[in-house]
Every structure is written in structure tokens, then in C-alpha cells.
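Each chain is listed here by its residues.
Protein chains: 4
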Amino acid sequence: MKLNWGMIGGGEGSQIGPAHRLGALADGNFTLSAGALDHDADKGRAYAQRLGVAPDRAYGDWREMLAGERGRNDRVNLVTVATPNATHFEITKAFLEAGFHVLCEKPMTMTVEEGEEIVRVARAAGRICAVNYCYSAYPMVREMRALVRSGQIGRVRLVVTNFSHGHHGDATDADNPRVRWRYDPAMAGVSGQFADCGIHALHMASFITGNEVETVSADFASTIPSRVLEDDAMVNFRMAGGTVGRLWTSSVAIGRQHGFDIQVFGETGGMRWASEQPNQVYYTPVGGRTQIMEKGEAGLSSDAARLSRVAIAHPEGFPLAVANIYVDLAAAIRGEARDGLPLAEDGLRSMAAVYAAVASARADGAWIDARPPIFR
Amino acid sequence: MKLNWGMIGGGEGSQIGPAHRLGALADGNFTLSAGALDHDADKGRAYAQRLGVAPDRAYGDWREMLAGERGRNDRVNLVTVATPNATHFEITKAFLEAGFHVLCEKPMTMTVEEGEEIVRVARAAGRICAVNYCYSAYPMVREMRALVRSGQIGRVRLVVTNFSHGHHGDATDADNPRVRWRYDPAMAGVSGQFADCGIHALHMASFITGNEVETVSADFASTIPSRVLEDDAMVNFRMAGGTVGRLWTSSVAIGRQHGFDIQVFGETGGMRWASEQPNQVYYTPVGGRTQIMEKGEAGLSSDAARLSRVAIAHPEGFPLAVANIYVDLAAAIRGEARDGLPLAEDGLRSMAAVYAAVASARADGAWIDARPPIFR
Amino acid sequence: MKLNWGMIGGGEGSQIGPAHRLGALADGNFTLSAGALDHDADKGRAYAQRLGVAPDRAYGDWREMLAGERGRNDRVNLVTVATPNATHFEITKAFLEAGFHVLCEKPMTMTVEEGEEIVRVARAAGRICAVNYCYSAYPMVREMRALVRSGQIGRVRLVVTNFSHGHHGDATDADNPRVRWRYDPAMAGVSGQFADCGIHALHMASFITGNEVETVSADFASTIPSRVLEDDAMVNFRMAGGTVGRLWTSSVAIGRQHGFDIQVFGETGGMRWASEQPNQVYYTPVGGRTQIMEKGEAGLSSDAARLSRVAIAHPEGFPLAVANIYVDLAAAIRGEARDGLPLAEDGLRSMAAVYAAVASARADGAWIDARPPIFR
Amino acid sequence: MKLNWGMIGGGEGSQIGPAHRLGALADGNFTLSAGALDHDADKGRAYAQRLGVAPDRAYGDWREMLAGERGRNDRVNLVTVATPNATHFEITKAFLEAGFHVLCEKPMTMTVEEGEEIVRVARAAGRICAVNYCYSAYPMVREMRALVRSGQIGRVRLVVTNFSHGHHGDATDADNPRVRWRYDPAMAGVSGQFADCGIHALHMASFITGNEVETVSADFASTIPSRVLEDDAMVNFRMAGGTVGRLWTSSVAIGRQHGFDIQVFGETGGMRWASEQPNQVYYTPVGGRTQIMEKGEAGLSSDAARLSRVAIAHPEGFPLAVANIYVDLAAAIRGEARDGLPLAEDGLRSMAAVYAAVASARADGAWIDARPPIFR
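Chains as they are written, first to last, in the UniProt record's numbering: chain A, 1 to 376; chain B, 1 to 376; chain C, 1 to 376; chain D, 1 to 376.
Careful: at least some of the hints might be erroneous.
[As the list claims (entries may be wrong)] In silico DSS-like links for lysine-lysine, alpha-carbon gap of 27 angstroms or less:
no.: 1; chain 1: A; residue 1: K43; chain 2: B; residue 2: K2
no.: 2; chain 1: A; residue 1: K2; chain 2: B; residue 2: K2
no.: 3; chain 1: C; residue 1: K43; chain 2: D; residue 2: K43
no.: 4; chain 1: C; residue 1: K2; chain 2: D; residue 2: K43
no.: 5; chain 1: C; residue 1: K2; chain 2: D; residue 2: K2
no.: 6; chain 1: B; residue 1: K43; chain 2: A; residue 2: K2
No wet-lab data here; the hints were simulated from the structure.
Small disclaimer: the values here were computed from a predicted structure and weren't measured.
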């Protein structure tokens, strides 16, 4: 049986809406049954119906949707929250409290306190609150995780990760509203580029190694002077177990398209993965040759095999990584164990790291505890 | 409104079934409404129902499906034929004649005569008969096509294309039934690797340049001696307008995973694309520097823009190329013009080229007319 | 003790002169002791003296140099012939007959008969006649050769090699004398691009596998209509032992800078090397992962280790591949065995293959014996 | 006329000796006229003579060489100092004071004070004291420098550079004397990996942009616990004019062979270069496509053109980058202006940055002035 799925945000013309719809629908696990897709209520209702939602479930806003869905027998099994960042907390909390499973876009909240609240609410409600760290659902990221966690490269000494692009590098475009808000504290909060892209990379470091980030030391820069928040950041970190971390993120790295990569170095080997060529992992055993691991090759971990749809060397890309989040959500909703899903705890850890990095940058790079208070 | 879609073949455990289902469902254009998914009737019926098909439309074989669907008001708008190669002709012909649109897997037929028959039937019925040359639906292939056809590189002098892998290179595995049949004339017909992979490359040469293949000169080899049909082939060709073509295809190129690439060289520039990195095209103007074109960059042709789902540098892969075939099919079924869809005429041209290449290889490389008789 | 070296051709402003001087001098084996560097006798004498040659050994032409050197006690140990192609035969023959060792630029001769004559003369004189197939002297080419010949990939089924660039792709530059002569039979002989670049690739196929080319089937094209000789060629071949070969060479492949690469596929693995990244070989065992072999890594063959000068991942390039030819020549002149030196027999085989390919292209691709008559 | 050249250190079996000899001899500017090549005087004398040095100029140690050369009319024009790091200062100073030009290996000195002393001595003597930052002499690095300094990418906002390898990543090899000394303060001084590799990257940042490093904030780690000095370091920096810098260097990054790369991002574009593919620069104008610039292409700066020896797409590697340092030294000794030579001032700046980074790492990442006192 297909699961019923509802979406908040992601209206016509958004980038993120189609990615979620493709992700939810691609594998036949979900039906789009309800939606409050647009801040313009009429446009949202009309668009939802064009997407096949029944008129009575095409809602004008999220409160209307909450009210409408909570009493139905066929209520949606999962709600995706893809609204502006500042609204994630309120909506996610409300739906969790009403007993819905939620997939929230990142960042899950704007503050650490809100993040802690979401964790508490999700736990109390016994509901899944997933966060869309979708890069973690690429098959070869899962393979890297399985290998690293099984000891393939020994104790992990060092993680080096970058998430840098140049799409905000044009100063003449800096006042474009689609760009400007990211560097405006009134809209983006305490951090610009690190909160936008850097937390994907930071999550990945923990996701692959299984070690949590404990402390950070950061250097933030606003290379375009009109910006209040950083458009370039370097964050050094230390993880549980002593792993050293280095994370560079930038939005002014002109010529880098979407350069998210991660390198993990351990006692007996190293591995690297890059989002622009997501179907390979480069693995080097200490003293040996670099080997190119391919999505779909024989002998991959069950997680990597399960989340790949077509044969070796047929590339699978970003939309299917998002789809893999939905695959795991469907399984989890149906009661199967899925330990790779990024959850509210991860969203909280990201927010704690953002605040710690901001504090460090303001304190001349001093090392700051990056753990959420409730996890210390 | 969603279109009704039916599938023949692609049962549980097949590679191709999931690719088609994802392709058809990803964009919300189709509903899987009917299916005859397996040569084992009971298994096929059960699997179809698990995929959400109503019991009365979960058929035991294609004849049953044809009988069941032809009389319905809500009959399927499109039938995908993904059965063993030798059955494509019969099934495709029958559904076309009954007024269904068809998407047929390649090769469309086993002989030139059958191919001509399909073209005639499709024309007489006024139905779409598409062939799944899905590589042609990658956004950056469409971009390359748009640029080449608009004269960006001048008259095309030369096309060089390879489709070579090494997955049949293990002689100890050569008797594995999943490998062996491809080199057995009783099952595969007159050609092995060229008919399997080479025709994708040959189609692409015409697809991008707009020029048809007129003559071929081939060298076939069975590098594993137990094989009757070729596992490696070189096909030189000439296209309308004088373009020179070179096509290498192999299944014993150990280390190549899925090496399909195409290079097009004209009077004022060159371009290349490779299926393992499908989101870029490398373009070099004569006397200038190579430029890296990216899926999602500003200024792409409408076709390339339309068939891309996520932002620049977020890779899109093979399953979404298949999905793009369904996007265009949905549009065409709804009456919109789509000039990029590979059609029965293309499937016929491939089969004519296969027979010409086989004849050339047997005749010491002599140049042979590769045009279908009805197109001469 | 340093060896005395003389050079014919390679005057001021030539590309090839500096490459040979750097090659000969880099490792301290040779001193430039004599030279006839320019067709303008005065300019040649002056330039030689500026390069440190004593006035009495700065000659006006090769005949003067032959006369001057043959009687000296300290006569040059090696003569490099880097003159226009049509003069190679006469000069090389004369110096061999006079008892000098010779390194001749490719092509060694303009005809098969001349090639056979050089082989006979070199053998009779007991002198080394090397031909500058310098790509064969890259350390990682030597490694590939050592591995393939030792059976690392089993019997070689298939060799695929390309040597294609786009530097003659500009039709508006086609009448430039530096470009035009290559396509003019009066100056270039029977073949253009294949004789210029293709023979490097054909030599490499035999060099690595140890198998000689026996038959060829060729397709030549003059894609710029004003050209008499081919600017693009496909040559299929068969080698001793049944190895299948495919060689594409082009000078109109705009966007390819200097695309010389070779892929060798055997029963138990495949390897590839490319001249633009000459310090790596990609090796894939059948059923296994691709491994990146690096110049300078531990465990390379003695030949590869000996011909590398700096540590792993410090790239070494084209000029030092030329230098490696001189390293082996110095060793051979001093009486040490060097089995990797390309010799007159190789130069002859190239010329026989050129004539066979030309004959095949004229005969509609018919298969032609490519072996020199004296080796049949 | 050739210049006379002498070498101290670089004895038989060293890596660095052959690189310098090839570098000095390749272009015919220098003759190896004197040497004190080995700490074992007899071995050094014998080896020098085998390399062609006259017996009376094959010295037992550097003091003997200084005494022997200073009085000769044909004394060496240039002395290369390639001895253990701790001896660079004493030897370099002595030869400069005696009026010789010197090329010193990096690091030029072990302390800032020594560095300042070398600068003073060189200035007082009016002699060239070059430091072997040889990566700066690659043609395409010079091109990048010429373009950046001419404003091609506008004001430089950001420099990101890495110099990371994994060759010291094997803990079981950590006590190998060839590895261990680098992490032992008694032999290596205050810094391990940053002083060894990092200073190449830091020099490059200034070399290309023309901006000096003013402050640094560092995070050092000894990921192999037995090491006192760092084997991994992150150094953030700020340059004159406000440019932000990020430098990562590691010796435990298993799988990275010799990963030195630099990315420069400005107001109107970005560029990157990597030492493992040194013949290309990737350039992206803001809002435009990435272009691949090739060594040897038309229109390069005079510096890049002058320092390249063979045609486009014929790779030139590390030994010829070293040779380019000697090319410029020969020119400078002959009185021609060469503004690209790395000099004592650069060596001093490196040492000041090393001490500042060490101080910062010890002070929890605090920002420290990295300028040499005499330049503040």
C-alpha cells in the first residue's frame, strides 16, 4: 500500500518542490495526498490540485492543513516541511505534536533551544523527525560509511571536507533578493554560508565516521563588504575519539560549481567522495594503490546496494539521493529499522555547531564546545 | 490529468523494469494502470498488484492485456514493451494496430523488414512508436544537439563515438546464460555487441548532427573464441553531407565501466560528451580554449533547460534520462510537438545499419549501403 | 666519461632541436661536440658555436660534418638526424656506413625499400640505428610493457589507441605552409596524419604487447577538401597471436590537444595510459576495481624505476621521455643491453604499415599485409 | 659562455641532487665545475669526479670548497646549497659574504633571526640569494601570476591552497629515520609538516597575488601520537589588501600523492592550478564558463612562454620547473632582470610565518603577526 504524503511549501517555481516530489514519488512508496504549497493560499490550492491533490486536501496554509488532516482516517503518513527557514521550527513542532512523521528541510531550526525542543517533542510523540541531509543518502556515501565504521581504514585520524561554490561571487548581483537574504541576520540568523552549506559537510563528517563533533575553531569572512554574515568560512573541529576535522565552505569560490567533497584519513587507509561525481569512491590502503570503487560493483554493503537503482556505471544523481531519504522514510514508517536516516538529533547538532562556530569566529578563533547542551 | 500507462515485461528482479517505472512515475505524468510483467503469468499478476495495479488489469501475458485494454474507456495511453528482444516486433505491432502508443525497448526489431513493417503500421495507425534510445534525453545531449544543429561548430566533419565496457570480458563467465545469449545467433540474431550497445552510439551520431548514416565499413571480432557473434566491433561510416564517422564498441574492454562517449568535430569547433559524466559538455571553438558547459547553466537551449530538474552541478543521472523520454512522450500524447523523441524510423535505421555492418564485416570491410530500403 | 654527440638539423627556432638538446644533455651523458644545425650553412655554424661547439666542428651541412668527423679520434659517438623527413634516409645511411651510431627522427624513411636498406646497413655496420619513438620511453609506458609482457593481463585480445589532435582543424589556416606540407604528397609522401602521428601509436601497440602488426584495414578521409592526403584515419589491424587492433588518428579533432592514448585489454585485465597524464597507468584486473598506478610507486619494474628521476607524484614530462631515449642510447653505446630502444626495424615496420594502410584505404578497406617484405 | 656552477650536498643516492643537476644542466647554461657533495668527504670527492668535476675542485666539505673557490679566477658563479636544513644558514651566509651567488634549498634558515641575517648579508654583498620555491617556476604558475597581477580576476578576495600527501601516514613506518626526523624538534625545529610543505603553498599565495601574508591563525595536530611536531596543519591567514587565505597541509592524507594545489578567487573570476597536472590552469570568469588554459597555447604571457620548452599538450614536469629556476638565475647572474625569482626575502617571510603559526597553534588559534620584524 502506498503511503499518504503531504507537503508544506515547495510551490510552483521553487527549486526544492520538484526535488521532493520526484523523491517521494519515484519509487512508488508515496502518493501526494495533501499540500499547502504556497504562501499565496489560492495559488497553493490551485497548484496542489494540478498535481492531483483532491480539492478538500489542497490547503491554503499549514495551519489549515494541520486542522484538516489531523482528524482524517486517511491522514497523511508523512509531512515534508519545505518552507522558509525561519518557519521550520513552528511547523515541524506542530505536526510532530499532532502525531505526524515529518521530514524537515535544513536547517531544522534557527536556534539551539528550538532544536532541543524538536528533539524532545519528537521523542515524546514517538514520531520520526527526519532532516533532509540528502547527500548522506547517496549509495557510495553509504558505502563509505559502512566501510569506515567497520574499520576498513582503522581509527579515523582526520576528516577534510569542503562545500564551496561561487554562485554568490558576483558583487553586482549581491543585492539580488535571492542572494542578499542569506547574508542578512534578520532573515538568515547568525550565520550565512556555514549555516547554508557548511552544515551538510559537518553532518557528513559525523555520518561517515560515527563520531560527534565536540569542539570548533572558526574563521569567518565577508569577502563582499556589503555582507554582514560570512560568505566564506573555515571551521576546524575535533570529534569524539580525537579525530581532527577541517571544513571549508564558501559561496564566492568562482569556478567551483557545487564542490562538496569529503576525505577521510585513517590509520590504514584513506577515502574520498565528491558530490559532482557521486557514483565513485576513491579508496587507498596505506602503502597501496588508489582503487576506484563504483556504485553497483559486486560486494557493496547492503545499504549501498539497496539504495542504487540501475547497474554499475549508470550514474545516479541528486534527485535520487533525495529519493533515498524517502525510501528510508517509507521503510521506517512501515516499522523497519533504518539507521542511516538523518534525524532531529542531527539537526540539533548542526545548530549547536553553527552557534559555536559563530562564537569562535567572534572570539578570534578560540575553541568552543559545539555539543548541544542536552547531549553534553 | 495523469495518463494511464501499461507495461509488458520488466518483472520482479529485472534491471529494466525499475528504470521504466521510475522513469514513468518520477514526474507525475503517468499512473501504472495495467501490466503483463512476467513470462510466468501468476508471478506477473501478483507483482503488478503489489505495484498497485488493479486485479483485473494485472494480466498474465501481452495478448490478455491487449484483449483486456482495447475495449476499456480508461485504456492505457501508453504501453512500454520491455520483453526479450525477439518479441518486440510482434507485441509492438499488435498494440500499434490496436491504436495504442508504444515505447519499445531497443532493438525495436530483429530484422530490417520487421522494422519497415513497424514504421508502416505506426504511420497508418497515427500512433507514436518511440524507441528507448534514452541517452538522447540527457539534458546536455540535447544541448549539444541544439548547438550543433544551429551551426555552432559549422559543418560537421567528423563524429567519433565509443560504447565500450568490459563486463563480458571474463572468459570463465562466458557460459553464464545471462552473458552467453548475446553472442548466440539463435537468441541475439545477426549481431552481438554492435546490436546491443553500438546502435545507441550510432543513433546518437545522427541525433546530434541531424545527418543520417548512409554507408558503413565494419570490422567485427569475437575475441573470446567460443563466441559466434562479435564482442568487439569497429564501424566506420559516412553520413549525409559527407560527415565521417567512427564507432568503436566492445564488451571485453576490461576497466571501462560504461564508456559511452561521443565527440563531434566541425569546421569551427568540437564538442564531447560522456555518459559517465553526463552533466557536462566540453566545447572548444577553433583556435580557442576548451570550455566546460554545465547542465543548469544560464543560457541553455529550451530543450536542455526543460529536461533538467535540479540546479547546476547537482548531477542528474541515467534514470532521469529515461524519465525524460516519458516526459516527452506525455507531452506528445497530449498533442504537443516534441521533435527529440526517438521513433520507429530511428529503430529501423539502427536495424538497417546492423545488417549492413554485418555484411561489411563478412565482406572484408567493404562499404555497404546502411539505409533502410524504404528510405533510399 | 661523457660521450660526444653531434646533431644534424634542429637549428635556431625549431621545436625539435631544443627537445633533443635537453634530452641529450639532461643526464650528463653527452656533450654537444659537433653539429650541422641549419640548412643555411652560416646560420648553422654560428648557432652551433653559440651552443658551445668548437668552430672546427660547427659544420655547414651534413656532408661536411661526415667528412670532418669520420677522421677524428674524438669523433662523435652518436649523431642525431632531425632534418626534414625526406632527407632522413640519405643522411642516416651515410653515417651508419661510416660507423656512427644514429638516432633518427621519425619517419625514418619515405619508402619501405629505404627502410629495408637502413636495416641492412645498420646490421652490416654493427651500429645502432635508433628511431625517436620517444613516447615509448616514458617510465609508465615501460611499466605497462613489462607487466603486459610478463602476462599480468593474460593473452592480449585487443589494443585500442588514438593519436588525435585538432591543431590542423582550422580551414582558414590550411594554406599556412607549416600546415599545408603535411597534406601534400610532393612533400609528405603517401600519407599525412597517419604517417605523422599514427605511427607513434602503431609502434606503441607492438612495443607494449610484443606482437607485430600483420595486416591492416584502413579508412582515410581528407575532411578539409583542399587536402590531398588524409587528415583523419581509422586503421584496424591484426597482430601476431591474433590480437585485434584499432587505431584512430586525426588532426582535425578540435578540442583534443595532443590526445595520444593506448588501452590494452587481455584475458585477465585491462590497462590504459595517456600522454597528457603520462605518470599514471590505470589497471583493472578482470572482475576487480581499477587501480591507479603511479610513476615512482614501490615495486615498479627495473625499467620504469630506472627511467624516472624524481619521487612519486612529481610529474615528469615529454622532454624527459626524449631524455630517456638518450639514457638508453648512452648505455647501449657503452655496451650495456637495452631492449627497449626503438630501432631501425621499428622504423621499417612503421613504413610498411603506412604503405599497407594507404593501399587498404584505396581498396575500400580491404585487409592488406603490413609486414615488411624482409620480415615475412 | 657557460657559467660555472658548484653544489654543496646532493650526494649519491639523494633525491635532491639529481633534480638540481638536471635543472642546472638541462638548458646548457651551467657547467658543474665544483662540488662538496657528501658529508663523507671521500665519497663526495669521488662522486664529484665521476660527475666530471676536476679533482682539485672536488672538495671534502663546504669550508674546503669556499677556501678553494674564493681565490680562483674561474670561480663558480653560483653555489647551490642542498645540505641538511640546519646547515643552510651557515653555508649560505658564508658564500654570500665571499661574494658568491647562492641558490639555497628551503627552508632557507631555522629561525627568523637567521633569515633576517641572510637578507642583510645578501643585500650588503650585492649577491643573489635565491630560495628553491621551484613550483613557482612552472610556466602555468607564471601565467596565473601574470594574469592575477594584471587584474584579470579583479581584487583577490580569497586564496585557498593545499599541500597534502599521505607518505608519512603509516604509523608502523613512523620510526623510520627518514620519516621520524621531520617530527623531532631536535632535528626539524619548531614545525614539521608546515615548515616542510606548507611554506611552498604560503609562498605561492604571495607569489601569485603579489600580496604579503600579514597575520595567521593556525591549528596543528600530531595525528600519530608519537610525533612531537605536527603532521597536519590548517593555517588561516590574511594578506595585505584584505585577502583571506586558507592553507591545509598534511603528511597523513593517505591516497593523496602530492596534492599541492592553489585556488585564487577574485571579484571577477577564479583560477586554479594543481601540481599533479601542472600544465593547465582552470579559469572561470564570474558568470561564465570554466576555461581550460594550456601551457603552450597562443597568447600566454612572456614569462609563461619563455619558461616552456615544448609545444602545447606535451607535458613538462617537476624537473623542468627546477630547471626554470636555473634559467632565471643564469639570466640574473648575466645581468638581466628577472622579477619572478624567489629570493632571501621570501625565505625570511616563510620562516616568520612558520614561527607565527606555531605561536598561534599554541595560543588556541589566536591571530598572530606573521611579518618578519624588519619588514613591519
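Discussion item. Hint compliance check: list the failing hint numbers for this structure, sorted ascending.
Written reply: 3
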